[in-house]
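Counted the way this note's numbering counts, the sequence shown spans residues 1 to 288.
Any given hint could be a false lead.
[What the hints assert, rightly or not] Calculated cross-link-like contacts (lysine to any residue; reagent style SDA-like; alpha-carbon spacing at most 25 angstroms): (1) K283 to R246; (2) K223 to R174; (3) K34 to V119; (4) K223 to Y188.
[Said to hold, decoys possible] Estimated spans, in silico, between C-beta atoms of each pair: (5) L213 to P114: 40 to 46 angstroms; (6) A227 to L247: 52 to 58 angstroms; (7) A72 to E265: 54 to 60 angstroms; (8) A138 to D218: 26 to 32 angstroms; (9) Y220 to S101: 38 to 44 angstroms; (10) P226 to Q149: 20 to 26 angstroms; (11) S101 to P226: 19 to 25 angstroms; (12) G173 to E235: 53 to 59 angstroms; (13) G121 to R172: 55 to 61 angstroms.
Just so you know, these hints were derived from the structure itself, not from any lab.
All residues carry an ideal CB built from backbone N, CA and C; glycine is no exception.
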Amino acid sequence: MADTQVPVYGPAMTFSIVGRSADGQAFGVAVASKFLAVGAAVPAAQAGVGAIATQSYANLAYRPDGLALLRARRTAAETLDALTAADEQRETRQAGVVDASGSAATFTGSGCHPWAGGVTGPGYAIQGNILTGPEVVAAMERAWSATRQDEPLARRLYAALAAGDAAGGDRRGRQSAALLVVTPDGGYGGGSDVLVDLRIDDHDDPLAELARLLDLHDLYFGKPDPASLLPLDGELADEVCDRLARLGHDGQDLEAALTSWAGIENYEERLFPGKIDPLILDKLRAAS
């Protein structure tokens with residue numbers, strides 16, 4: 001374990017949710033705070049292992065040490081007990097953990113600034129400090145429970161975070177927010193497990209800005225329902241060829257022209273041989 005005897009200070013006024021998807025494939029953290037770049041300090045997650053949030057004079061060693069314990073198949077409660085037992089400043093800390101099986105644990109030290117506390121349930125841990133009151137955590141739990149279990153984990157985590165913000169959130173105000181989700185091969189091109197890693201480091205309304213970026217993330221990296229894809233033939237193929245030509249992508253066959261345009265616009269993750277995503281078709285029509 002890293003040395004946790006030396007105090008490591010970080011976000012002291014923060015609310016967060018740590019969660020696992022219902023199918024056990026994804027883990028993530030959503031967090032907001034009156035603190036600069038909260039996403040650089042609070043969340044940590046590893047595919048197939050679990051997720052952690054460390055806050056309230058955050059001990060940043062909880063992140064690597066906690067993930068190491070989870071990799072060793074310690075439960076969420078055992079992990080949090082081990083982290084806090086080794087930390088002389090434990091009473092100033094707050095943390096939440098979800099393990100690979102979906103069990104969860106939260107810890108709020110007696111020295112955390114009020115209001116401070118947390119709740120857990122199957123697949124989630126919610127915690128906050130320097131909040132307007134317990135209604136913030138309660139609203140987050142209700143919002144999480146109200147989402148469908150088959151919704152993307154990023155959307156479920158965001159819904160809970162937004163509910164906490166709407167219920168009062170950090171009583172010091174707003175500054176930053178972040179959303180981290182991991183799943184096997186979930187990253188760009190399948191080259192990493194990081195599915196979503198969005199950070200609002202300094203903004204008057206970080207939750208609204210985080211929502212905007214999450215929508216953009218879905219546009220660029222989301223996967224459409226295969227049943228919604230349209231065959232690129234007949235009149236539709238002629239239309240797409242014409243529109244691509246207007247945008248300077250002529251002199252190529254249809255697939256090559258579409259690939260060229262989509263690559264420039266960063267839509268390459270939504271390309272399918274012989275078909276077109278209706279969302280991408282709408283973007284092409286708007287652009288041409």
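Checked hints:
{"no.": "1", "hint": "K283 to R246", "in the structure": "14 angstroms, holds"}
{"no.": "2", "hint": "K223 to R174", "in the structure": "32 angstroms, violated"}
{"no.": "3", "hint": "K34 to V119", "in the structure": "21 angstroms, holds"}
{"no.": "4", "hint": "K223 to Y188", "in the structure": "12 angstroms, holds"}
{"no.": "5", "hint": "L213 to P114: 40 to 46 angstroms", "in the structure": "32 angstroms, violated"}
{"no.": "6", "hint": "A227 to L247: 52 to 58 angstroms", "in the structure": "28 angstroms, violated"}
{"no.": "7", "hint": "A72 to E265: 54 to 60 angstroms", "in the structure": "44 angstroms, violated"}
{"no.": "8", "hint": "A138 to D218: 26 to 32 angstroms", "in the structure": "28 angstroms, holds"}
{"no.": "9", "hint": "Y220 to S101: 38 to 44 angstroms", "in the structure": "33 angstroms, violated"}
{"no.": "10", "hint": "P226 to Q149: 20 to 26 angstroms", "in the structure": "21 angstroms, holds"}
{"no.": "11", "hint": "S101 to P226: 19 to 25 angstroms", "in the structure": "31 angstroms, violated"}
{"no.": "12", "hint": "G173 to E235: 53 to 59 angstroms", "in the structure": "55 angstroms, holds"}
{"no.": "13", "hint": "G121 to R172: 55 to 61 angstroms", "in the structure": "27 angstroms, violated"}
Taken one by one, the earlier hints fail for this structure at numbers 2, 5, 6, 7, 9, 11, 13, listed in ascending order.
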